Amino acid sequence: MGKLLEHHSKELIRKLGLKVPNGGVAAAPKEAERIAAGLGSPVVVKALVPVGKRGKAGAVKFAGGPGEAGAAAGELLGMTVGNFPVEKVLVEERLDIREEWYLSFTYDKEKKMPVVIASTRGGVDVEEITRAHPGSVAVRHIDPLLGMADFQAKEIWSDLGVGGKLILAATALLVKLYHLFERTDASLLEVNPLAVTSSGELAVAASVMSVDDSAMYRHPELSEMVQLGSERAWRPLTDLEKRMVEVNEADPYRGTARYTEMPGGDIGFMCGGGGGSLLLFDALVANGGRPANYSEVGGNPTEEKVYGLTRGILTKPGVKGLFAAHNITNNTQVDVLARGIVRALNDLGIDPSTFPVVVREAGVNDSAAREIFTAAGVEYYGEEITMTEAAARMVRRMGAAYPGYLRREGN
Amino acid sequence: MAILISDKTRILIQGITGREASMVTRHMLDYGTEILAGVTPGRGGQEIHGVPVYDTVKAAVRRHGCDTSLIYVPPAFAYDAVMEAIANGIKLLVIITENIPQRDAVRFLYAARQSGVRVIGPNSVGIINPADRVKLGAIGGDNVERCFVPGRVGVISRSGGMTAETSWMVKRAGYGVSTSISIGGDALIGSTIRDLLELFEHDPGTEAVVTFSEPGTRQEEEAADFIEKGGFTKPLFSYVAGRFTEGMPEGTVFGHAGAIISGGRGKPSAKMERLKRAGAHVVDHFDQIIDELRRVLK
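If you read the sequences in order, they're chains A and B. Just so we're aligned: the first sequence equals residues 1 to 411 in this note's numbering. Just so we're aligned: the second sequence equals residues 412 to 709 in this note's numbering.
Worth flagging that the hints you see were computed from the coordinates, not collected in a lab. The structure presented is a predicted model; accordingly, all values stated were derived computationally and were not measured. There's no promise every hint is true.
Using C-beta positions, here's what the derived DEER-type ranges look like [as the list claims (entries may be wrong)]:
hint	chain 1	residue 1	chain 2	residue 2	range
1	A	Asp-150	B	His-475	44 to 54 angstroms
2	A	Glu-384	B	Ala-498	46 to 56 angstroms
3	B	Asp-553	A	Gly-78	34 to 44 angstroms
4	A	Ser-353	B	Glu-609	24 to 34 angstroms
5	B	Gly-527	A	Thr-106	38 to 48 angstroms
6	B	Glu-609	A	Pro-220	38 to 48 angstroms
7	A	Val-139	B	Glu-657	51 to 61 angstroms
8	A	Arg-131	B	Glu-657	17 to 27 angstroms
9	B	Ser-526	A	Ala-368	56 to 66 angstroms
Restricting the straight-line Cα-Cα distance to at most 27 angstroms, the calculated cross-link-like pairs of lysine-lysine (BS3-like) are [to be verified]:
hint	chain 1	residue 1	chain 2	residue 2
10	B	Lys-709	B	Lys-678
11	B	Lys-678	B	Lys-645
12	A	Lys-111	B	Lys-687
13	B	Lys-678	A	Lys-53
14	A	Lys-320	A	Lys-88
15	B	Lys-502	B	Lys-582
16	A	Lys-88	A	Lys-61
17	A	Lys-154	A	Lys-19
18	B	Lys-469	A	Lys-56
19	A	Lys-111	B	Lys-469
20	B	Lys-502	A	Lys-111
21	A	Lys-176	A	Lys-165
22	A	Lys-30	A	Lys-61
23	A	Lys-61	A	Lys-111
24	A	Lys-111	A	Lys-88
25	A	Lys-19	A	Lys-242
26	A	Lys-61	A	Lys-19
27	A	Lys-111	B	Lys-582
Facing chain A, from chain B, some residues (calculated, C-beta under 7 angstroms) [stated by the list, open to error]:
hint	residue
28	Glu-576
29	Ala-598
30	Ala-681
31	Met-683
Just so it is clear, CB atoms sit at the ideal spot from N, CA and C, and this is done for glycine as well.
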């Protein structure tokens, strides 16, 4: 899933004909001031970052007028929220709120169904609502083929004690938002609070939305709004990670090469596939090793992709060894891996007799891989040892090459 | 004996003319697996390695009585392909396709449940029954015996690649597999560990089961509940990879799409604890699978 910043999700919601606070996006305090002056009312200033629970993080501020709005924007624009530097803020009219409700749509992974959660006690985390007011939360699964009927939406609000004109507006809003959730291939759409204003109107005071990366091919209209792959990082991508995304995207249909930088570390981690990487990383750590990155390489990548990724892995400062390993492959040609890895070592002038390199690559064409690695002076294993044994061997090599390696802090 | 597939399985491959599917077709045939038909719209009347291709599942089923379909169609067409298989009476679907939109997966999994169709995957590398020399998918590649030899241990893996490695560990321990299943790395899959334990329980050819797990989902917790209710009584050996992810910020995705830790749920250590409590042989290090198998199975 890729996250949408709040002004983007609100733009989509506004297009449904639903009430969203008026406002604008500012990248500088002066701009925030101008927007607040234009609104001519007290405002809310929110940091535009793809992070939940912004209120708790102090990333939402209230301002009486333009001057205060500018000051609030100034504070927020210098902040980092959940590792994301605040580059823009959303300046919005402050609604006159009578009640705060809650509404969200997502997928229930266990029941494998879309689910709607609604409550007339919003404004706080849904976990908190459920804990404090279990009787005022409705959780309803939705038939994924038939969708949400008006009467079902009406029943949800009725069960929550909503009546009068509000039940009509709330029913229409729920159905419209479910359509948006479905139509955009969203994985989450949350409105919290869903405000009942003093004039008895429903308004989307705050929204959170993320969409399914895998469905982006059918949503060109969202491409500007979503940062692809943003769910894979807990912070903005580093420069090296961005370069590795380019290496992967250069030939998107021939294997995958994913790279995540880890804080510190000294072992370059050139491993795959999904489950194999998890196991190998755990095994290095269990033996006292310190991987400098995480990677997942699989699906029979091209030599160029393997080369680019290996180069990137070795380029990270502090990397003093390379561990290349996979589970026994079903279809990934390990001789291709061998050529890419050895080329990267050669190009960087790395001598495997002094710079520890341990390889465990078994599977398709592994006799050719053995020749390539052995000729390059690399310590190579096929299926004569297990993945865990290979990880232990890597850490022993680090210990032998760098005296005191295993006694250092963190071990 | 085995579960899900045997030499009686009547196999169809949807998307058979694709590059990967065509290679897999050859490897399956070389292994001795009979493939009755393939389907690719617009390619009806052609052959792939001697397997007749049809435009529709309907035509293939009418001519060959297929009951199982291996799905290799690209993500954008997977939803329709699965619905086509269900509509034409296919009873077992093995979906190899990766990156299927979640909304499509939810919809076809729902339709399959309503029609009593069993689904393995999406994002699976396949299933294998070595005693009958039947395999569906890339599992085992072109050198099947390297990892998969006939025996009495069932393998269930959330990782495609680790299905082979885990089966190879079983072989290294001196045993073989009854059936190995790559259940798919996605968060939304047709058959979970618990569902397959139920089938292995009733398979007289399976003495024990080994599982390979990852962070995320509640599959291991559900499997533990199932064991405690008496649903699975054979020895279960479990390994959960990805303990290092517990030190990472929440919401980080490592490994497959299903491997996401959210809200403190889905942590490997909690899964291991839960499985242990249910009586499973949970190993800290993957290599201990070998010793544990030898110790328990004798």
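To see whether the hints hold, each was checked on the structure:
1. Evaluation of the 44 to 54 angstroms hint for A/Asp-150 and B/His-475 yields a pass: the beta carbon distance comes to about 45 angstroms.
2. A/Glu-384 and B/Ala-498 have their C-beta atoms about 50 angstroms apart, which keeps the hinted 46 to 56 angstroms range intact.
3. Take B/Asp-553 and A/Gly-78: their Cβ atoms lie about 59 angstroms apart, and the range 34 to 44 angstroms is violated.
4. Look at A/Ser-353 against B/Glu-609: about 54 angstroms separates their beta carbons, and that is not inside 24 to 34 angstroms.
5. The hint said 38 to 48 angstroms for the Cβ distance between B/Gly-527 and A/Thr-106, and at roughly 27 angstroms that hint is violated.
6. The hinted range of 38 to 48 angstroms is satisfied by B/Glu-609 and A/Pro-220, whose Cβ atoms lie roughly 44 angstroms apart.
7. Between A/Val-139 and B/Glu-657, the C-beta spacing of about 28 angstroms breaks the proposed range 51 to 61 angstroms.
8. Hint check: A/Arg-131 to B/Glu-657, Cβ distance near 24 angstroms, so the stated range 17 to 27 angstroms holds.
9. Checking the proposed 56 to 66 angstroms range against B/Ser-526 and A/Ala-368 shows it is violated: the Cβ atoms sit about 47 angstroms from each other.
10. For the hint linking B/Lys-709 to B/Lys-678, the alpha-carbon distance of about 32 angstroms lies beyond 27 angstroms, and the restraint is violated.
11. As the CA atoms of B/Lys-678 and B/Lys-645 are separated by approximately 25 angstroms, the hinted pair is consistent with the 27 angstroms bound.
12. For the proposed pair A/Lys-111 and B/Lys-687, the alpha carbon gap of about 25 angstroms is at most 27 angstroms, so the pair holds.
13. For the given pair, B/Lys-678 sits about 22 angstroms from A/Lys-53 by alpha-carbon distance, which is consistent with the 27 angstroms threshold.
14. Between A/Lys-320 and A/Lys-88, the direct Cα distance comes to roughly 39 angstroms. Violation of the 27 angstroms bound is thereby established for this hinted pair.
15. Using a Cα cut-off of 27 angstroms, the hinted pair B/Lys-502 and B/Lys-582 is violated, with the two alpha carbons roughly 31 angstroms apart.
16. For the given pair, A/Lys-88 sits about 14 angstroms from A/Lys-61 by alpha-carbon distance, which is consistent with the 27 angstroms threshold.
17. With a CA separation close to 19 angstroms, the supplied pair A/Lys-154 and A/Lys-19 stays within the 27 angstroms bound.
18. Note on B/Lys-469 and A/Lys-56: the hinted pairing is violated, with a Cα-Cα distance of about 57 angstroms set against a maximum of 27 angstroms.
19. About 30 angstroms separates the Cα atoms of A/Lys-111 and B/Lys-469, which puts this hinted pair outside 27 angstroms; it is violated.
20. In summary, the hint linking B/Lys-502 to A/Lys-111 is supported, as the alpha carbons are separated by about 21 angstroms, within the 27 angstroms threshold.
21. With a C-alpha separation of about 17 angstroms, the suggested pair A/Lys-176 and A/Lys-165 falls inside the 27 angstroms cut-off, and the hint holds.
22. Note on A/Lys-30 and A/Lys-61: the hinted pairing holds, with a Cα-Cα distance of about 16 angstroms set against a maximum of 27 angstroms.
23. For the hint linking A/Lys-61 to A/Lys-111, the alpha-carbon distance of about 39 angstroms lies beyond 27 angstroms, and the restraint is violated.
24. A C-alpha spacing of about 38 angstroms is found between A/Lys-111 and A/Lys-88, which places the hinted pair above 27 angstroms, so the restraint is violated.
25. Pair hint A/Lys-19 plus A/Lys-242 does not hold up; C-alpha atoms about 38 angstroms apart against a cutoff of 27 angstroms.
26. Taking the CA atoms of A/Lys-61 and A/Lys-19, the gap is about 21 angstroms. The hint holds against a cut of 27 angstroms.
27. For the given pair, A/Lys-111 sits about 36 angstroms from B/Lys-582 by alpha-carbon distance, which is inconsistent with the 27 angstroms threshold.
28. Interface restraint check for B/Glu-576: the shortest CB-CB distance to chain A comes to about 4 angstroms, inside 7 angstroms, so the restraint holds.
29. The closest approach between the C-beta of B/Ala-598 and any C-beta of chain A is roughly 5 angstroms, which is under the 7 angstroms cut-off, so the hint is satisfied.
30. The interface hint given for B/Ala-681 is violated, since its Cβ lies 15 angstroms from the closest Cβ of chain A, which is over the 7 angstroms cut-off.
31. Interface hint at B/Met-683: violated, since its Cβ lies 12 angstroms from the closest Cβ of chain A, which is beyond the 7 angstroms cut-off.
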